[in-house]
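Listed here are the chains, written in short residue letters.
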Amino acid sequence: MIISVASGKGGTGKTLIATSLALSLRNKAQVQLLDCDVEEPNDHIFIRPVIDRTEAVGIPVPVVDEAICTRCGRCAEVCAFNAIAVAGEYVLTFPELCHGCGACSYLCPEKAITEENRETGVIESGKADSIDFTQGRLTVGEAMAPPVIRKVKERTNNDGVAIIDAPPGTSCPVVESVKGSDFCLLVTEPTPFGLNDLKLAVATMKELGIPCGVVLNRAGNGDKNVIDYCESEYIPVLMTVPLDMEIARLYSRGITLAEGIPAWQKEFIGLFDKITEIVDERNRCPER
Amino acid sequence: MKEIVVLSGKGGTGKTSIVGAFAYLAKSKVMVDCDVDAADLYLLLQPEHGEEHEFWSGQTAVIDGAKCTHCGLCEQLCRFDAIHDLVVDDASCEGCGFCANVCPAEAITMKENLAGHWFISKTKYGTLVHARLGIAQENSGKLVAMVRQQAKKIAEESGIELIISDGPPGIGCPVISSLSGTDLALLVTEPTLSGQHDLERVIGVCRHFTVPALVCINKFDINDANTRKIEAYCRNQGIDIASKIPYDSKVTEAMIHGKTVMEYNPNGAAQHIEKLWNIIIDRLGG
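Residue numbers (my numbering), protein chains in the order written: chain R, 1 to 288; chain Y, 1 to 286.
Honestly, I wouldn't trust all of these hints.
[What the hints assert, rightly or not] Straight line, CA to CA, 30 Å or less: simulated DSS-like cross-link-like pairs of lysine-lysine: (1) Lys-199(R) / Lys-250(Y); (2) Lys-142(Y) / Lys-151(R); (3) Lys-111(Y) / Lys-2(Y); (4) Lys-266(R) / Lys-111(R); (5) Lys-250(Y) / Lys-67(Y); (6) Lys-27(Y) / Lys-67(Y); (7) Lys-27(Y) / Lys-244(Y); (8) Lys-153(Y) / Lys-224(R); (9) Lys-153(R) / Lys-152(Y); (10) Lys-124(Y) / Lys-199(R); (11) Lys-28(R) / Lys-224(R); (12) Lys-229(Y) / Lys-199(R); (13) Lys-111(Y) / Lys-111(R); (14) Lys-111(Y) / Lys-224(R); (15) Lys-244(Y) / Lys-275(Y); (16) Lys-151(R) / Lys-153(Y); (17) Lys-111(R) / Lys-127(R); (18) Lys-153(R) / Lys-142(Y); (19) Lys-206(R) / Lys-124(Y); (20) Lys-142(Y) / Lys-199(R); (21) Lys-111(Y) / Lys-27(Y).
[Stated by the list, open to error] A few chain R residues that face chain Y, going by a derived Cβ cut-off under 10 Å, partial list only: (22) Gly-8; (23) Ala-56; (24) Pro-236.
[What the hints assert, rightly or not] A short, non-exhaustive set of chain R residues, derived as facing chain Y with CB atoms under 8 Å: (25) Lys-9; (26) Asn-158; (27) Gly-222; (28) Ser-252.
Please keep in mind that the hints were generated in silico from the structure rather than gathered at the bench.
Backbone N, C-alpha and C define an ideal beta-carbon position, used for all residues, glycine too.
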């Protein structure tokens with residue numbers, strides 16, 4: 001089963017929930033944790049894995065053999081991203097604009113274009129106790145997160161429970177991260193910002209056809225609007241974490257809820273059981 | 001004209017609350033919300049309904065079932081795993097058009113995407129340019145570029161010398177699009193290990209795009225030891241800490257009431273934000 005943890009708004013507690021869930025389940029199932037927030041991966045701070053496998057990842061970008069090239073301009077014509085241009089005698093490539101689709105090299109009538117890998121990040125895998133861990137890290141200064149996220153997800157192990165920590169927002173990096181999940185946990189807080197961004201995240205999951213439930217974090221000082229919204233939209237609120245200075249302080253030191261206050265492990269196992277029930281129910285009657 | 005952007009790396013450190021306070025404090029400026037994925041600034045600035053524009057960007061492949069000969073070439077060549085059983089998965093389609101270019105039956109066309117909307121709104125603090133990226137859409141970087149360009153145009157036309165922009169979390173495409181060419185980046189962090197880790201990466205991005213950075217440690221009193229570590233790190237990097245703002249529950253309360261913290265409770269965190277703003281004005285003037 002693949003469970004992703006997403007949020008819309010940043011800083012609502014995705015990492016806290018994803019890492020605590022992984023730690024709480026590690027004695028119950030084969031657990032894998034995939035940190036797909038490749039712009040700012042933080043899970044490693046909390047579960048302190050031993051990394052034993054590092055792989056550079058990137059985008060295949062065109063290299064033009066100018067001796068063969070006839071400057072016909074077909075490559076520039078088919079490139080949707082303006083990453084290759086022919087100007088008189090010159091063929092110019094703009095590797096940082098290239099999405100690596102391969103159209104230019106395939107369609108070059110002279111076969112003058114080959115590809116080389118332009119490194120945009122790394123994938124690191126290892127173990128934290130019995131948890132299989134993989135994270136991606138986008139190189140600072142690089143724009144495109146999705147190719148790195150795709151590589152992280154290629155390491156998904158379908159046998160046990162895979163937990164995906166997604167980036168904040170609702171655009172392509174989030175879609176890339178949560179796509180293919182059996183369930184998505186949306187972590188929010190009871191504030192107008194939390195609610196506004198939760199609505200966007202819910203709409204994204206609906207678009208992708210992924211069932212979702214809410215974890216309400218920092219409950220206590222906010223308003224009731226998130227709860228009312230969830231009720232009206234029939235979105236289950238599966239867990240509530242109070243606004244608590246002790247939890248905030250543990251978090252600031254890189255300690256998860258499951259580790260810092262072990263009584264929470266039972267709550268996370270309960271959360272997992274509820275998710276399993278919803279996913280099983282949906283598999284029984286998929287039209288729902 | 002000067003442009004300042006507020007970034008953080010990590011989400012939820014307080015960017016929007018601080019930008020909301022700046023909107024109150026700055027006399028003459030145009031506000032921009034560059035967090036087009038999850039735009040929240042309008043919730044504090046409570047704009048009146050203004051101009052709304054469509055944002056068309058990127059393309060998606062469409063297969064005409066009547067022309068398709070089921071040869072499977074498109075599926076075989078697509079590197080984004082976006083075609084399954086001759087059906088295009090819109091969420092995976094990169095819009096590269098490779099499939100449309102190679103289809104021997106010319107059964108594939110590329111349709112333009114309505115990727116979002118952008119708005120020019122009036123608020124009591126001046127003009128706000130903001131946007132809403134379409135659900136599960138791409139090209140947030142281009143939408144960011146669009147709202148920045150519009151803000152610049154408005155500022156030029158009305159003789160306004162300052163643009164204040166609320167940036168997105170992360171370090172990728174929309175962040176780069178928000179940051180490049182600005183005069184100053186205010187980096188809002190918090191004294192958590194995650195906050196520090198993410199700050200280091202966003203400092204790297206500022207350096208990469210040669211934008212000067214100032215740091216603000218929000219909720220600094222949550223963990224004094226981490227605050228000291230961040231201070232030492234910034235000192236080493238030659239980056240000034242412009243402010244340390246204490247934790248203040250009034251900041252969240254203000255947001256719940258749809259107000260900037262300056263209006264809701266001018267004591268506490270608000271006083272520190274006001275001093276921070278004066279430092280920024282000094283920095284931009286110099």
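Consistency of the hints with the structure:
1. With a C-alpha separation of about 25 Å, the suggested pair Lys-199(R) and Lys-250(Y) falls inside the 30 Å cut-off, and the hint holds.
2. Proposed proximity of Lys-142(Y) and Lys-151(R) is supported: the alpha carbons are some 25 Å apart, at most 30 Å.
3. Between Lys-111(Y) and Lys-2(Y) the CA atoms are separated by roughly 38 Å; this puts the pair beyond 30 Å, and the hint is violated.
4. Distance check on the hinted pair: Lys-266(R) and Lys-111(R) sit about 60 Å apart at the alpha-carbon level, beyond 30 Å; violated.
5. Between Lys-250(Y) and Lys-67(Y) the CA atoms are separated by roughly 62 Å; this puts the pair beyond 30 Å, and the hint is violated.
6. Distance check on the hinted pair: Lys-27(Y) and Lys-67(Y) sit about 61 Å apart at the alpha-carbon level, beyond 30 Å; violated.
7. Between Lys-27(Y) and Lys-244(Y) the alpha-carbon distance is near 23 Å, which keeps this suggested pair within the 30 Å criterion.
8. Restraint check for Lys-153(Y) and Lys-224(R): the C-alpha separation of about 40 Å exceeds 30 Å, so the hint is violated.
9. For the hint linking Lys-153(R) to Lys-152(Y), the alpha-carbon distance of about 40 Å lies beyond 30 Å, and the restraint is violated.
10. Proposed proximity of Lys-124(Y) and Lys-199(R) is supported: the alpha carbons are some 26 Å apart, at most 30 Å.
11. Of the pairs offered as hints, the one joining Lys-28(R) and Lys-224(R) is violated, with about 35 Å between alpha carbons and a cut-off of 30 Å exceeded.
12. Distance restraint check for Lys-229(Y) and Lys-199(R): the Cα-Cα separation of roughly 37 Å exceeds the 30 Å cut-off, and the hinted pair is therefore not satisfied.
13. At most 30 Å may separate the alpha-carbon atoms for a hinted pair to count; Lys-111(Y) and Lys-111(R) meet this at roughly 29 Å.
14. For a cut-off of 30 Å, the pair hint linking Lys-111(Y) to Lys-224(R) is broken: about 42 Å separates their Cα positions.
15. Proposed proximity of Lys-244(Y) and Lys-275(Y) is supported: the alpha carbons are some 10 Å apart, at most 30 Å.
16. Distance restraint check for Lys-151(R) and Lys-153(Y): the Cα-Cα separation of roughly 40 Å exceeds the 30 Å cut-off, and the hinted pair is therefore not satisfied.
17. Under the criterion of a C-alpha separation no larger than 30 Å, the hint pairing Lys-111(R) with Lys-127(R) is inconsistent with the structure, at around 44 Å.
18. At roughly 26 Å between alpha-carbon atoms, Lys-153(R) and Lys-142(Y) fall within 30 Å of each other, so this suggested pair holds.
19. For the suggested pair Lys-206(R) and Lys-124(Y), the alpha carbons sit about 36 Å apart, so the restraint of at most 30 Å is broken.
20. For the suggested pair Lys-142(Y) and Lys-199(R), the alpha carbons sit about 23 Å apart, so the restraint of at most 30 Å is met.
21. This hinted pair does not check out: Lys-111(Y) and Lys-27(Y) have alpha carbons roughly 44 Å apart, beyond 30 Å.
22. Hint on Gly-8(R) holds. Least Cβ distance to chain Y is approximately 5 Å, under the 10 Å limit.
23. Below 10 Å, beta-carbon pairs count as interface contacts, and Ala-56(R) has none with chain Y, the closest being about 18 Å; its hint is therefore violated.
24. At a threshold of 10 Å, the smallest CB-CB gap from Pro-236(R) to chain Y is about 21 Å, leaving the interface hint violated.
25. With a cut of 8 Å, the hint placing Lys-9(R) at the interface with chain Y holds, because the nearest CB-to-CB distance is about 5 Å.
26. The interface hint given for Asn-158(R) is broken, as the beta carbon of that residue sits about 16 Å from the closest beta carbon of chain Y, more than 8 Å.
27. A distance limit of 8 Å between C-beta atoms decides the matter here; for Gly-222(R) the minimum to chain Y is near 6 Å, and the interface restraint holds.
28. Checking Ser-252(R) against chain Y by beta carbon gives a least distance of about 4 Å; that is within 8 Å, so the hint holds.
Hint check: violations occur at hints 3, 4, 5, 6, 8, 9, 11, 12, 14, 16, 17, 19, 21, 23, 24, 26; the rest are consistent with the structure.
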